[in-house]
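Residue-level listing of the chains:
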Amino acid sequence: MQVLDGVDFQVEDGEILGIVGESGSGKTMTALSVTGLLPPAAKICGGEVIFRGANLLALSRRQMNRVRGEKISMIFQSPRASLNPLYRVETTLAQVLRTHRNLRGESARRVALELLVDVGLPDPPRVLRQYPHQLSGGMCQRVMIAYALASNPSLLIADEPTTALDVTVQLQIIQLLSRLRKEHGLTLILITHNLSVIAELCDRVTVMYLGKIVEEGPVLEIFDRPRHPYTVGLLASRPTVHVEGTLATIPGQVPDVRERPPGCPFHPRCPFAKEICSEQHPVREKVDSGHSVECHFWREVG
Amino acid sequence: MTALLETRALQKVYPVRAGLAHRARLFAADDVSISIERGRTLALVGESGSGKTTVGRCVLRLEEPTGGDVLLDGSSVTGLRPPQLRRLRREMQMVYQDPLDSLNPRHPVGELVAEPLLIHRIVPKSGMRTELEGLFRMVGLGPQHVNRLPHQLSGGQQQRVGIARALATGPKLVVLDEPTSALDVSVQAQIINLLRDLQRTRELTFLFISHDLAVVSLIAHRIAVMYLGQIVEIGPKNAVLDRPTHPYTRALIAATPVDHPAERRERIVVRGEPTSPIEPPAHCRLVPRCPFAQPICSQVPADLVEVVPGRWTRCVRFQREHENGVWEPAS
Chain A
1 MQVLDGVDFQ
11 VEDGEILGIV
21 GESGSGKTMT
31 ALSVTGLLPP
41 AAKICGGEVI
51 FRGANLLALS
61 RRQMNRVRGE
71 KISMIFQSPR
81 ASLNPLYRVE
91 TTLAQVLRTH
101 RNLRGESARR
111 VALELLVDVG
121 LPDPPRVLRQ
131 YPHQLSGGMC
141 QRVMIAYALA
151 SNPSLLIADE
161 PTTALDVTVQ
171 LQIIQLLSRL
181 RKEHGLTLIL
191 ITHNLSVIAE
201 LCDRVTVMYL
211 GKIVEEGPVL
221 EIFDRPRHPY
231 TVGLLASRPT
241 VHVEGTLATI
251 PGQVPDVRER
261 PPGCPFHPRC
271 PFAKEICSEQ
281 HPVREKVDSG
291 HSVECHFWRE
301 VG
Chain B
1 MTALLETRAL
11 QKVYPVRAGL
21 AHRARLFAAD
31 DVSISIERGR
41 TLALVGESGS
51 GKTTVGRCVL
61 RLEEPTGGDV
71 LLDGSSVTGL
81 RPPQLRRLRR
91 EMQMVYQDPL
101 DSLNPRHPVG
111 ELVAEPLLIH
121 RIVPKSGMRT
131 ELEGLFRMVG
141 LGPQHVNRLP
151 HQLSGGQQQR
161 VGIARALATG
171 PKLVVLDEPT
181 SALDVSVQAQ
191 IINLLRDLQR
201 TRELTFLFIS
211 HDLAVVSLIA
221 HRIAVMYLGQ
231 IVEIGPKNAV
241 LDRPTHPYTR
251 ALIAATPVDH
261 PAERRERIVV
271 RGEPTSPIEP
281 PAHCRLVPRC
291 PFAQPICSQV
301 PADLVEVVPG
311 RWTRCVRFQR
321 EHENGVWEPA
331 S
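In order, the protein sequence lines correspond to chains A and B. For the first sequence, the working numbering begins at 1 and goes up steadily by one. For the second sequence, the working numbering begins at 1 and goes up steadily by one.
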């Protein structure tokens, strides 16, 4: 079963790249491939992941462990599930500070406190003493971000970091990520199904459908001049405050990855589809600088 | 127009243990008075722990309220004994957030939709197939779906089955608890459109529970905002969204992510996260988080007051500063 197919994208230093897609689009698998955290049953059959000039897929497991700890960090949708429930926040943070920054004792504690202040947690000394179950969802996600930042990574991958949170807390986390980018020059890959979160944070967007990138471009370009019928459909089917009348929809639903349609994977649901779409996969074409699309008829979509 | 559903000072209190011998009360719903006119939608909006689901469950008496009254079509639901209650259940049904959780995984979905029809003896076994196909068609599914198992359907199809099951008994009132939250964006739009069509064609009355103001703005006629068990604001949809009276409503609106990257802006946010619903104070419960709080806010009880006809708010500061609905921006 092939879940990803020719996924090509780049992230520049200090940039926030959004990967957007619905369930089964392969956005999480893409992130796990980059971090070398794929489940044992999954194999990367081809391609490269180049980080600062080096192919991560060629690294040994030990080398990859170091990169993952020190250069690339990842946070997940459910922060509580990613923190060890038996450890106080201090223990969790101390571990990563010892392993990756060789800090112990008082100096580790000082850095841990700084990290908690940095992610905007109130009363950091108290939080250090607490266990995950004593923290709210938003606080857990802040601790998780502190944990991910503890090793001073240059790339942070966030997989649906706000999806499990309430809207007021979601906004706080969005503001936090945006501030961390400004203050620390953090590079961020943000994976989400929520186009509004993309609108809040990202510089560039990659749209995925059934394991393929169908469109990629600067965020304004994608929102103002989408060229792939799927992107157009996604944008139009979002409910937004103050829109009256019937919502536009994309007909049908995302098929199972095991039943990926031949040719362009979107053609059975596409209003622009013609015969060629079920026969031939479209190649990536350049629309404008930095904006590319995989669609036979993108000129008609605009 | 008369109200199809009305709750009067509905209350649901759970006893909790706080410390060894100390008993405390958790106010899941407190002083909740709402009414919905026939064929309209009231959205109950709030974050997790606000008590919106508790209200929905108390209305259907899936949970026993500890105080107050629920009236359906003018008659009290709260005092009913089981046989009468069972008859009444035909009139009010629920659609849940996660369709897969609410469907028995080992039964074909057709059986699940047929169940209420058999229990309430609405359709004889002989006419069942035709009835089922009709119900499936109504929610946009085909006769081939009747014999499928839940896991053989996509999320959107599962929710369509959930809706068919809820509508099978021909209810007047449907409580929808986050019916689109678990769905993909493109499917969510389909379900919202379906619900709107069904409401129009079958004159349904909806209590629509959601945390998502964007979804709510598409389907609601009136909005009630809940915070820590209480309604803090009620009013017509556009009025509440355009000119909110309560700082919490303002915060919810401000926190809704922008639709377009060009709209990014600095926003006022409420600080921290909701405080505890255990033995809450008589004064405004938002005080610890409210950017506009004044000393008065923690000195007097916060009651829900009608500030303009049809618009109610629990904000003490608003009630004092904005007499007769004259809004001045808070500083």
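Hints were generated in silico from the structure; no laboratory data involved. As the structure is a prediction and not an experimental result, all values here were calculated from the model. Just so you know, even glycine gets a beta-carbon here, dropped at the ideal spot from N, CA and C. Errors might be hidden in some of the hints.
What the hints assert, rightly or not - Chain B residues, not near chain A, derived (Cβ > 10 angstroms throughout): (1) Arg17; (2) Ser76; (3) Arg81; (4) Gly134; (5) Arg137; (6) Gly155; (7) Glu178; (8) Asn193; (9) His211; (10) Asp212; (11) Glu263; (12) Ala282; (13) Trp312.
Unchecked claim - To be clear about the criterion: a stretch of chain A counts as covered by chain B if any three or more of its residues have a C-beta under 8 angstroms from a C-beta of chain B, and this derived list gives those stretches: (14) 80-92; (15) 169-180.
As the list claims (entries may be wrong) - With a straight-line cut-off of 25 angstroms between C-alpha atoms, the simulated SDA-like cross-links for lysine to any residue are: (16) Lys182(A) x Lys172(B); (17) Lys71(A) x Gln134(A); (18) Lys182(A) x Glu91(B); (19) Lys286(A) x Glu91(B); (20) Lys172(B) x Val258(B).
Review point. Lys182(A) and Lys172(B): Cα distance at most 25 angstroms?
Key: Since the Cα atoms of Lys182(A) and Lys172(B) sit roughly 53 angstroms apart, the hinted pair is violated (cutoff 25 angstroms).
Check your understanding: Going by Cβ atoms, does Trp312(B) stay more than 10 angstroms from chain A at every point?
Key -> holds (21 angstroms)
Check your understanding: Per the coverage rule (Cβ-Cβ under 8 angstroms, at least three residues), is the region 80-92 of chain A covered by chain B?
Key -> Check failed, 0 qualifying residues.
Review point. Would Arg137(B) pass as off the interface with chain A, using Cβ distances and a cut of 10 angstroms?
Key: holds (17 angstroms)
Check your understanding: Is the Cβ of Arg17(B) more than 10 angstroms away from each Cβ in chain A?
Key -> holds (17 angstroms)
Review point. Does Ala282(B) sit more than 10 angstroms from chain A, CB to CB?
Key: holds (24 angstroms)
Review point. Taking 10 angstroms as the cut and beta carbons as the points, is Arg81(B) off the interface with chain A?
Key: The assertion about Arg81(B) holds, with a minimum of 39 angstroms to chain A.
**Study point:** Separation of Ser76(B) from chain A, once the least beta-carbon distance is taken, above 10 angstroms
**Key:** holds (34 angstroms)
Exercise for review: Would you check whether the claim that His211(B) is not at the interface survives, using Cβ distances to chain A and the 10 angstroms cut-off?
Suggested key: Its Cβ does come within 10 angstroms of chain A, the nearest being 6 angstroms, so this is violated.
**Study point:** 25 angstroms limit on alpha-carbon distance, applied to hinted pair Lys182(A) and Glu91(B)
**Key:** violated (55 angstroms)
Check your understanding: Between Lys172(B) and Val258(B), does the CA-CA distance stay at or below 25 angstroms?
Key -> violated (36 angstroms)
Point to revise | Assertion that Glu263(B) lies outside the chain A interface [Cβ separation over 10 angstroms] | key: violated (7 angstroms)
In terms of the numbered hints stated before, the structure departs from hints 6, 8, 9, 10, 11, 14, 16, 17, 18, 19, 20, listed from lowest to highest.
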